[in-house]
Every structure is written in structure tokens, then in C-alpha cells.
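*Asks:* Residue-level listing of the chains:
Number of protein chains: 4
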Amino acid sequence: MSLTLPEDNTRRMELVRIAARLFRDQGYERTTVRDIGTAAGMQSGSLFYHFRTKEEILVAVMALGITRTTEQLAAALARENKPLERVRALFHVHLNSLLGENQAALEVMLYEWRSVSSESRPGLIVLRDRYEALWQQVLDEAAAAGLVKANTRLLRRTLLGSLHWTVQWYNRSGTLGVAELADQIMALTLKD
Amino acid sequence: MSLTLPEDNTRRMELVRIAARLFRDQGYERTTVRDIGTAAGMQSGSLFYHFRTKEEILVAVMALGITRTTEQLAAALARENKPLERVRALFHVHLNSLLGENQAALEVMLYEWRSVSSESRPGLIVLRDRYEALWQQVLDEAAAAGLVKANTRLLRRTLLGSLHWTVQWYNRSGTLGVAELADQIMALTLKD
Amino acid sequence: MSLTLPEDNTRRMELVRIAARLFRDQGYERTTVRDIGTAAGMQSGSLFYHFRTKEEILVAVMALGITRTTEQLAAALARENKPLERVRALFHVHLNSLLGENQAALEVMLYEWRSVSSESRPGLIVLRDRYEALWQQVLDEAAAAGLVKANTRLLRRTLLGSLHWTVQWYNRSGTLGVAELADQIMALTLKD
Amino acid sequence: MSLTLPEDNTRRMELVRIAARLFRDQGYERTTVRDIGTAAGMQSGSLFYHFRTKEEILVAVMALGITRTTEQLAAALARENKPLERVRALFHVHLNSLLGENQAALEVMLYEWRSVSSESRPGLIVLRDRYEALWQQVLDEAAAAGLVKANTRLLRRTLLGSLHWTVQWYNRSGTLGVAELADQIMALTLKD
DNA sequence: GATGAATGAGGGTTCATTCAT
DNA sequence: GATGAATGAACCCTCATTCAT
Numbered sequence: 001m002s003l004t005l006p007e008d009n010t011r012r013m014e015l016v017r018i019a020a021r022l023f024r025d026q027g028y029e030r031t032t033v034r035d036i037g038t039a040a041g042m043q044s045g046s047l048f049y050h051f052r053t054k055e056e057i058l059v060a061v062m063a064l065g066i067t068r069t070t071e072q073l074a075a076a077l078a079r080e081n082k083p084l085e086r087v088r089a090l091f092h093v094h095l096n097s098l099l100g101e102n103q104a105a106l107e108v109m110l111y112e113w114r115s116v117s118s119e120s121r122p123g124l125i126v127l128r129d130r131y132e133a134l135w136q137q138v139l140d141e142a143a144a145a146g147l148v149k150a151n152t153r154l155l156r157r158t159l160l161g162s163l164h165w166t167v168q169w170y171n172r173s174g175t176l177g178v179a180e181l182a183d184q185i186m187a188l189t190l191k192d
Numbered sequence: 001m002s003l004t005l006p007e008d009n010t011r012r013m014e015l016v017r018i019a020a021r022l023f024r025d026q027g028y029e030r031t032t033v034r035d036i037g038t039a040a041g042m043q044s045g046s047l048f049y050h051f052r053t054k055e056e057i058l059v060a061v062m063a064l065g066i067t068r069t070t071e072q073l074a075a076a077l078a079r080e081n082k083p084l085e086r087v088r089a090l091f092h093v094h095l096n097s098l099l100g101e102n103q104a105a106l107e108v109m110l111y112e113w114r115s116v117s118s119e120s121r122p123g124l125i126v127l128r129d130r131y132e133a134l135w136q137q138v139l140d141e142a143a144a145a146g147l148v149k150a151n152t153r154l155l156r157r158t159l160l161g162s163l164h165w166t167v168q169w170y171n172r173s174g175t176l177g178v179a180e181l182a183d184q185i186m187a188l189t190l191k192d
Numbered sequence: 001m002s003l004t005l006p007e008d009n010t011r012r013m014e015l016v017r018i019a020a021r022l023f024r025d026q027g028y029e030r031t032t033v034r035d036i037g038t039a040a041g042m043q044s045g046s047l048f049y050h051f052r053t054k055e056e057i058l059v060a061v062m063a064l065g066i067t068r069t070t071e072q073l074a075a076a077l078a079r080e081n082k083p084l085e086r087v088r089a090l091f092h093v094h095l096n097s098l099l100g101e102n103q104a105a106l107e108v109m110l111y112e113w114r115s116v117s118s119e120s121r122p123g124l125i126v127l128r129d130r131y132e133a134l135w136q137q138v139l140d141e142a143a144a145a146g147l148v149k150a151n152t153r154l155l156r157r158t159l160l161g162s163l164h165w166t167v168q169w170y171n172r173s174g175t176l177g178v179a180e181l182a183d184q185i186m187a188l189t190l191k192d
Numbered sequence: 001m002s003l004t005l006p007e008d009n010t011r012r013m014e015l016v017r018i019a020a021r022l023f024r025d026q027g028y029e030r031t032t033v034r035d036i037g038t039a040a041g042m043q044s045g046s047l048f049y050h051f052r053t054k055e056e057i058l059v060a061v062m063a064l065g066i067t068r069t070t071e072q073l074a075a076a077l078a079r080e081n082k083p084l085e086r087v088r089a090l091f092h093v094h095l096n097s098l099l100g101e102n103q104a105a106l107e108v109m110l111y112e113w114r115s116v117s118s119e120s121r122p123g124l125i126v127l128r129d130r131y132e133a134l135w136q137q138v139l140d141e142a143a144a145a146g147l148v149k150a151n152t153r154l155l156r157r158t159l160l161g162s163l164h165w166t167v168q169w170y171n172r173s174g175t176l177g178v179a180e181l182a183d184q185i186m187a188l189t190l191k192d
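Sequences listed follow chains A, B, C and D, in order. The first sequence begins at 1 in my numbering and counts up one residue at a time. The second sequence begins at 1 in my numbering and counts up one residue at a time. The third sequence begins at 1 in my numbering and counts up one residue at a time. The fourth sequence begins at 1 in my numbering and counts up one residue at a time.
Please keep in mind that the hints were generated in silico from the structure rather than gathered at the bench. Accuracy of the hints is not assured; some may be wrong.
Which copy is meant is left open, so a pair is good if it fits within one copy or across any two.
Cross-link-like lysine to any residue pairs, in silico, SDA-like; alpha carbons within 20 Å at most [as the list claims (entries may be wrong)]:
no., residue 1, residue 2
1, 82, 146
2, 149, 186
3, 54, 116
4, 149, 188
5, 191, 156
6, 191, 146
7, 82, 137
8, 191, 92
9, 191, 157
10, 149, 191
11, 149, 180
12, 191, 177
13, 191, 172
14, 149, 114
15, 82, 141
16, 54, 14
17, 82, 167
18, 149, 192
19, 82, 150
20, 54, 27
21, 149, 30
Based on the sequences and whatever the hints tell you, model everything.
*Replies:* This is how it looks when you write it as C-alpha cells:
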């Protein structure tokens, strides 16, 4: 099962985006291929021209989510070289990918792991590790600069947990913006 | 659907514990009533003598998870009056309930929310809010004592997110004990 | 399966009456033994002390319905010797047994025949034939007296059909009384 | 639940006819969807591509039964203008729909009413009332012509009851033909 | 006489998947 | 690329019935 992003295949890409939203809103198990077909304006059987199985759709959604976020983080880090700004990028990119408009894929990546077959896991783990390696690097720099505490491996995990959990309580239609929230969580994290 | 804990009904209670483990390991949707029956040594139909629906089992598991944890936290807090020790209780009780041996129900509470019907949610939310109110109170005291930062409402949410996420990466058979992990996460949280 | 009326067994008789009402209101197939137990204030399993199977309850209900009605008709005919009055008795007894208060068993006899096993049918057919023989005799007398048309075998069947069907449209809480209805249907039947 | 007759959908129509016969012979409750599937040469699950629920099949059968009969009666009445002949049409069309070859749907309409959900009833009642309105009109004309007694509303009900009941005793393989039976019942009904 | 707990077969229904057209 | 129809396995749940207590 290839994890190549199907950027070149626009119809497939569109289906992945549609599925991402449904998986996020209803859960993977509770979303039927009929649901996806209906949302895409086609019969459920037609989906199987684009994907071999329902799980392949899930994996494609997840790969999209983690890859897009990794690309965005890499791009942001390429623009910043001050440790504090680089830390800020971690929070902003991650929260935007989770809570921003038209985002759904990363959340699926986080919360539907159990439905991924053992065959598909290794490929996704590679993608996830690549993303977390960026985090680790930035946090290490920040610790060296005295911005955060030294236990950066645990810090990475607790921070990611904090951010992941925001999808459970953040109110998209409330007054607190995503960027503002990112700054507030960062403030809680910094020493002093 | 009553949320009364069926402490007095031992058979039902046993079934809840069995289901909790299955729901945690395979997910609620992927666990069949036949799975539960088999694990309990009975026919799947027999389950419906004790529960009206599969979802009622889920709700019972969740209610057990959050109620037990609340009781344990309340008991621990009753024994401590120093702010730092009270904060420590938050971490230890929570992580023990999530990662300790023979624990499963709280994790189900956190990760299967989407499968709870809208009719059952309010009752569970009440239980959850009761638990989080204890957290809020202890964190407020700690902030007043200068132990943690002042934005305690957000702090409560990010800390809980950090702890919840441990189930995704903590290795029960590794060298890091649950209590030690709790202390390390607390250390990351405290000012200085 | 004995068709002896269990007059001597009051508890069993009470259960038959309770079942009759449920079978009439919901249908035999849609009525569960749990329903009967609940209505009788006992567990469903306890019913099987009184009856071997659910079908035995149905047969008991039917036997009660047809036997009671036969007894009432025989008693009424014993009091009348004028052909017109005897015909009137046919209509009054039958409609009272179908539509009167606290009546249910005869209606079950008419409309749940399909659920009776082939083993139980002969016994019930005997009871039914005994009842219809009374009808046939009275109609023959009436034809001889010029009260009704001569095709009494067909007349018996169409009249019984007319009366049976009243349960589908008669409104127990309306202004038309059962006795009045019986007279009106009789009027339609008489010659002239 | 649409009551439109699915004339244009031949597969669905075929399933309705198959179900009609099973429902008539075994009763709706005693007929399983597996029975229907087997009779139609398909898996039971496949039925649910054509119908949402088993009850939808029942309603389709009933709608077919009453609509077909209404159409046939309307067509027959359009050909006759003498009161006696119009009355004869009532009996012939109705009995043919109940007892004729390849007929089953109307009988289901009459005897499975209890299994129709309250949501589906109003639509069917409209269809039934349309049919009975034709009866009422013809009987009123006949009464005006002195052919039948004046209490036509009750007459309509008792006549329909008589005819409905024929399914319980008429022997399809006996010597009495359906048309002959219709004439005999009509003869019992006419004045003189 | 009755209960509580369970059985076990079967019920209607769902749903990912297939495939001829 | 897509459809319409079907598959077939599995799902949750029901229910008459049993039986030790």
C-alpha cells in the first residue's frame, strides 16, 4: 500500500479530503463507504475504482494529515532561526493543522490509529517519526538556549499530548482564536 | 439509563470490567458482543439480560472509570494538605488509573466518546466535570502558592491532555514506572 | 395437549385471560412471554410451570373463547323457542362475545389461527364445529319459518364473516351499543 | 415511505409479488426475510437494496393489493351503468382479487394490519377509503333503485366482512367457482 | 410455585466489497 | 470512471425455553 501522496490525482485527492472530514466527524468505524460516496456524489461501489479497501482511504487520509503538517512545519522552520520563534512555529503549525479551517486529516491520524492494520502501520510510523524529529530538534535547541526544561524527550510527548487534546475541547466558534491559543499554551511551556 | 454504579451487582460488575479491557484493547466499535460473551464465558445473548444494549455497557464502563478515579483522587486529597503534595496526587492518581494494572475503564472514557449516544452524554459529562472540578481546585491552590503558572484553566486542560496521551506511548513493560513517570511530568509542570 | 377448560385451576385461568387480552391487542406473534409475565406480575420463566409452551397458552385462549361463546349461545337458545328470537340470540351472543367488555378470547380464536400448530388444530376445529352447528340449526329453522333465505349454509358463513369483521371497525367508545348493532345487522339479514 | 406503486421497477415489483404470497401463506410475522430471499433466489441482505425494512415490503404488498383492486373495480364500473350490474361488479371484482389465481396482496392487506407501523397506516387508510367510497356509491345507487336495504353504511361493512371471510373457508380446488360464489353471495344480499 | 440467570437459535439489518454492464 | 445490483459475513438484539436454587 503506497504512501505516496496522490497529489497528481485530483479526483482521488478530493475523495481523501471528503473522507477526512467524515472520519473526523463521525469516526472511521461509524463512517460507511456509502457515506463517503454520497458526500462525493457517487455510488459507494465506485469508490473501489480509486481505493482497494476502505482502510486504504484511512491510510491515505492519515498520510495526508501528517505529511502536510510536516511540510508546513519544515517551511516555517526554514524561515526562522531564533529559538523562541522556532518553538512558536511548533505550536502554531500544529494547532493550525488540528483546529484550522478545512483541516481534518491530522486529527484522524491521531485518533483512529486502532483501525490501521499492522501492515499499514510501519509506513505511517515513518512519517510520524519524521515529524516528531523536527519537534525534538527544535526543543533541544530551545533547551540549550534555556527556554524550556531539559527533559526534552518527555517534554515533546507531553506537549504533543496537550495539543492533541485541544480537539476535544476547543470551540471553533468561540472567541479564542487558534493563534492566540497557541501562544497561550506556549507561554505555559516556557520557563519563568 | 442509570449511571448508578452497580457495585452491589457482582455479575454485572464483572462484565463491565471484562468489557472495559476489550474496549480499551480493540476499541468499542471493533469489539463485538460475542467477544464480550466469550471473554465472560457466556453466550452473547445472555449479556442482554444484564444490559439493554451494547452502548449501555459502554456507558457503564465509562461511568466506572471516571467515578473510580474521582473517588481515588478525593481520598488522596483528603490525606494531603500541602499544595505540592496535593498536586502530586493529581498526577499519581490519574496516571495510575490510566496506566496501572487492571485499569482500562478510564482510557475508554477518554477515547470512545464518539460512540456515546447523545442521550447518555449528559450523565457522563456531570461525572467528568465533578472530576475536573477537583483538578481545578488543586491547581488554583497551587497557583496561589506560586507552584504553577496562573492560567490554571488552560493549564488544567493541557495537563490532562498530556496525561491522557501517555496511553499512546507508555510502555507498561518498560523500565519507567508509573509513579516515576508521574513525578517527571509534574517536574515539567512546576515553575522553576 | 388437553383442551379441557382449566376452570378448576384459577391461577392458570387468570393467566389465560391476561394472555387473551394481550394477544388480541398486539397479536400472538408480537406478544412475548415476557409481556404476559409482566402483566401477570411474574417472571417469564414462571409461566412455564403453568404451560409447556407459548402455543399452549394460545390454544387455551382459543378454547376458552369458543367454549364460553358456545355455552352462552346454548343457554340463550334454551330460553327461546320462537324462531325470530332464536335468530336474535345468534347475533347478540356472538357480538357480545366479540365486542363486549372483558372479552378477548373469541377474537383471538378468529384471527390467530395461523399460529396454531397442526397438532392443535383438530381439537379446536371440533369446538368450532360444535358452535357452528348451533348456528346452522337455528338458521335452518328460520328459513323454514320464512325469516331468512334458503341458502343457509352459505348464509351462515357470510353472517359469521360479517360479525367477525366488526372487531375491525366497531368503536367501543362510540354511541352505538353492541346490542343495538346486533339488531341492526339482524335487520339487514331478515327477508323483507 | 412512498406508497407509489413501483410499476416501473420490475425487480422490486417481482419481490413484492413473491412476498405477498409468503405473507398470505405463512403470515407476515412468521415469514423471515431469509424466506423471501430464498424464494426470490437472492441473499436476504440483498433485499435491503430494494427496501429499507421488512415492514416496507409489507406496506408495498398492501398498497399493491388495494390499489390493484380499486383499479379493477373502477374499470368494471366504467363499463356498467345498470344498478344491478354495478352491484354485481362489487362482488366479482372483490372476490376475484381475494380468491382468484395469483392473488395474495389484498388478503395480506386485510389480515396483517396489526403489523403496520403507525407511520405507515395513514397512507394505506387513504387507499382503503378510496376503495370503500366506490362501494358506498354503488350501494347507495342500488338502495335508491330498491335493490338493497337502505342502511347502506352498515351494509357496506357487513358485506365486506362476508367477503373477507371467504378466504378462511373457500376451497380453491373445490367445485364452486369464484364467479359462482360471487353471484350466490349477491343473491343473499338482494331484497326479495 | 416462583426466581434469576442463562441458553441457543434465529431474527432483521448493515456494510465492505465485487462485478457485469 | 461509474453504476446498479448483489454478495456474504457479521452485527446487535430478541425470545421461547430451561433449570438450579
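*Asks:* Each hint needs a verdict: does it hold in this structure or not?
*Replies:* Here is how each hint holds up against the structure:
no. : hint      : result
1   : 82 / 146  : within (13 Å within a copy, 30 Å between copies)
2   : 149 / 186 : both (13 Å within a copy, 12 Å between copies)
3   : 54 / 116  : within (11 Å within a copy, 23 Å between copies)
4   : 149 / 188 : both (12 Å within a copy, 7 Å between copies)
5   : 191 / 156 : both (15 Å within a copy, 18 Å between copies)
6   : 191 / 146 : both (8 Å within a copy, 14 Å between copies)
7   : 82 / 137  : within (13 Å within a copy, 37 Å between copies)
8   : 191 / 92  : within (19 Å within a copy, 23 Å between copies)
9   : 191 / 157 : both (17 Å within a copy, 19 Å between copies)
10  : 149 / 191 : both (7 Å within a copy, 10 Å between copies)
11  : 149 / 180 : between (23 Å within a copy, 17 Å between copies)
12  : 191 / 177 : neither (24 Å within a copy, 26 Å between copies)
13  : 191 / 172 : neither (29 Å within a copy, 30 Å between copies)
14  : 149 / 114 : neither (32 Å within a copy, 35 Å between copies)
15  : 82 / 141  : within (10 Å within a copy, 35 Å between copies)
16  : 54 / 14   : within (15 Å within a copy, 33 Å between copies)
17  : 82 / 167  : neither (29 Å within a copy, 33 Å between copies)
18  : 149 / 192 : both (10 Å within a copy, 9 Å between copies)
19  : 82 / 150  : within (18 Å within a copy, 27 Å between copies)
20  : 54 / 27   : both (13 Å within a copy, 18 Å between copies)
21  : 149 / 30  : neither (41 Å within a copy, 40 Å between copies)
Violated hints, listed in ascending order, are 12, 13, 14, 17, 21; each of the other numbered hints is respected by the structure.
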